[in-house]
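Enquirer: Here's the letter readout for the chains.
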Amino acid sequence: MTDAPALTCEIALGDRGVELRIEIEAGETVAVLGPNGAGKSTLLSTIAGTLRPDRGSARLGTETLFDLDTGGRGSWSQPHARGIALLAQDALLFPHLTVTENVAFGPRSRGVPRRAAREAALRWLDEVGAREYAGRKPAQLSGGQAQRISVARALAAEPRLLLLDEPMAALDVTMVPPVRQMLRRVLADRTSIIVTHDVLDALLLADRVVVLEDGGVAEEGPTAEVLAQPRSAFGASIADVNLWTGTATADGVRSAGGVEMHGVAHAAVVPGHPAIAAFAPRAVALYLEAPVGSPRNVIPARVRELEPRGATVRVHVAGPGGAELSAEVTAAALAELGLVPGTEVVAVVKATEVTTYPA
Amino acid sequence: MAAVLALIGGLNACGGDGDDGDSTAAGSEEVTLTVFAAASLTSTFTELGERFESENEGVSVEFNFAGSSDLVAQIQNGSPADVFASADEKNMQKATDDDLVEGEPTLFAANTLQIVTAPGNPKGIEGFEDLAAEDITLVICAPEVPCGAATKEVEESSGITLSPASEESAVTDVLAKVTSGEADAGLVYVTDAVGAGDAVESISFPEAADAVNDYPIAVLAGSEHGDMAQRFVDFVLGPTGREVLGEAGFVQSE
Amino acid sequence: MRSSQYSGLPAWVYVPAAAGAAFVLLPLLALMARVDWSQFISLITSESSVAALRLSLVTASISTVACVVLGVPMAVVLARTRFAGQSVLRSLVLLPMVLPPVVGGIALLYTFGRRGLLGEHLEVVGLQIAFSTVAVVIAQTFVSLPFLVVSLEGTLRTAGRRYDIVAATLGAKPTTVLRRVTLPLVLPGLASGAILAFARALGEFGATITFAGSLQGVTRTLPLEIYLQREVDPDAAVALSLVLVVVAVLVIGLVRGSRGQM
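If you're matching them up, the sequences are chains X, G and L in order. So the first sequence is numbered by our numbering: it starts at 10 and just counts up by one. So the second sequence is numbered by our numbering: it starts at 800 and just counts up by one. So the third sequence is numbered by our numbering: it starts at 747 and just counts up by one.
For each label pair, taking beta carbons as the anchor points, the in silico distance ranges come out as: (1) L771(L) to N876(G): 18 to 28 Å; (2) A830(L) to T73(X): 22 to 32 Å; (3) S962(G) to V871(L): 21 to 31 Å; (4) R907(L) to A90(X): 17 to 27 Å; (5) E852(G) to R780(L): 36 to 46 Å; (6) V848(L) to G144(X): 47 to 57 Å; (7) G906(L) to A90(X): 21 to 31 Å; (8) A830(L) to D181(X): 43 to 53 Å; (9) F769(L) to D181(X): 42 to 52 Å; (10) E856(G) to W758(L): 53 to 63 Å; (11) A764(L) to G877(G): 22 to 32 Å; (12) L772(L) to G877(G): 12 to 22 Å; (13) E846(G) to V849(L): 22 to 32 Å; (14) P350(X) to G906(L): 50 to 60 Å.
Treat the hints as calculated values from the structure; they're not laboratory data. Positions of the beta carbon are idealized from the N, C-alpha and C atoms, including for glycine.
The shape of chain X in the complex, shown without the other chains:
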């Protein structure tokens, strides 16, 4: 998609306490993160045109979406004229139409003849791997199937901007990775905004992250940068996960430093391809010496930093090849082990709590 437009948007909504500015480059995917009530959905609704801000302006490519002065007067184009598709948590397939009719809805609304619209719909169903459901009614679909079709429906409308409002939040956990893979493919060259709570969405789908807090932008930057060194409270909380990037193996991910993290691989993981392993600090235990028995993930590391977090302490350690890990350790255990920056430790990660994803 070479003609993807850029978006600039600056809005203020007094009653919702939202005042922010966001810019998205042509073809870029931005993940919007933030706690509930931070203004994420308000931002999407305003861009989509289903909510009119008190004042502000937005441009998509060369087209003005709205330009409203303080009194709320000015130009404002209607949602259907904006070329912006909105994907929500629920697939919201029109229950009275078949899958094909759902996907053909956008082209039909644009005035595409019935037959051509139907062909386009089938093409998009192929694209999301849902051709086999073409004749079904939405009630006969699972959540994951419905969401795939909902993506096909949005894309069939040929939007210039795609808005995704937690598109995977309502899915069964086992359905999330394949849908995410599909979105990854679809969003690659599109200008899009994805609102999410899941750090993996940000990592795998977005080029850049914007963190909203209290109706404003708290921080923004390239995804890896924000996750590595979060400056906002929410950024920190969402970054509180160990990510082990590298190449997929039979049952884990081998880092650039050559250390393999064994885990539970998702079906979509292909050995030899880039992959990512994710696990919580809780799943990491620290020892002064390698423990007896045969834990599968034993990684020699050095304590880099101690970070008190209420009753527990986050111990950040550096592994081979610069791999970073953080472990959740109780204050009592910390004292018993006598950990200080520089202490040599052994990090043990429970393989059952490690999940690997294609990256």
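Fit chains G and L to the given chain X structure using the hints.
Expert: Then chains G and L, alone, in the frame of chain X:
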């Protein structure tokens, strides 16, 4: 359900207490007469009832005004009543056929048709034949009800066929359509025209004599105060009755 | 054997519930008991009865169409927009539902009657509504409209705006959204609303007799015919009442059927 009945009973008792008949001579204890009378008799019989009460100490008269056919149905279903005054002989006949009447019914008044128009008679209607004109919006009673039956009789005897815009099931509906201006003219009973006062202009016409509606009255067989009921009937037939009925537009039955 | 779910109801609830059901059903049974079955067919096929039934079905159908044409936009506006005085307007629009029909008839008389607000002007151009079948349709539409609006507005609110918004972001113009998404989704509510409106129109009496008059084949609908027959031929009135009951039962069955699809 019992509670509701008791409540209704209580209300009735209250109604009975209304007139303070400090009981006089022995035997003339308090009597309550229940009179079922046609709706068209509402004003005249209410007045006659009051006069009768003032002339007969210890007697109170209660009325049930409704359409004659409704009244007969109620009497047939066992409603306790002492006197029945019907607006037509047909409904009285139903009561006599069922042996519900004591003795013979007596005709006490008659009613004839009259034309009513809006005040000032804008269409200049003078007689029955004018009603058949094309540009007159005419409202009459349906042939199924007494005033409509009388209208039909006049039509047949005069040979003039009316084409009404509506055939109402009640005289009040005919009057309402004339007073509201929806209709140019209507055919109602003289008494109804008199009752409507200045809201309408009344025009008598000779053909009306072909359809005189007689009002019969009778003591009912189920009455527990037969003597007093007969006295009320006699009172209606007597000079006071003639006077009150006459003022309302009724004529004497032949 | 069908499995059944635990109702969780206290046993005593069945007593007033049964009494309530009997209270509704007994009068219907009483009506049926009074029907002179040997005469039934001839009573309901008399010229005046057939004319009244025909007129009732025709006018109620036209009124239902009028209710849909006027009521759907009303319901959509009430359910989907917010404006000052909306709740007051909603109450006022629903007024005919709680108003005694005769009051509605009088109000219509002063609107469409010869000397009425609009009727005066219609009279000038040669249109007279009073005493015409049009008046019957107006009276029926007036009393039935709120039933459709209430039913449909409720369904629209329950359905929510989410599908409408999705449709709009897919590029559908407001008219397309209304036609292809909003209305198809509330079709069951629209159908039951229309059926309720039809039933109300079929039973309309007070406003009709006050406003439209009563003439066989023109304005005398079935309820008016029943009222008139009561005067002369109670058996015919009872037979016609039963016909109306049967039609009403069929209508309720249709409503339940359309609700069941939801």
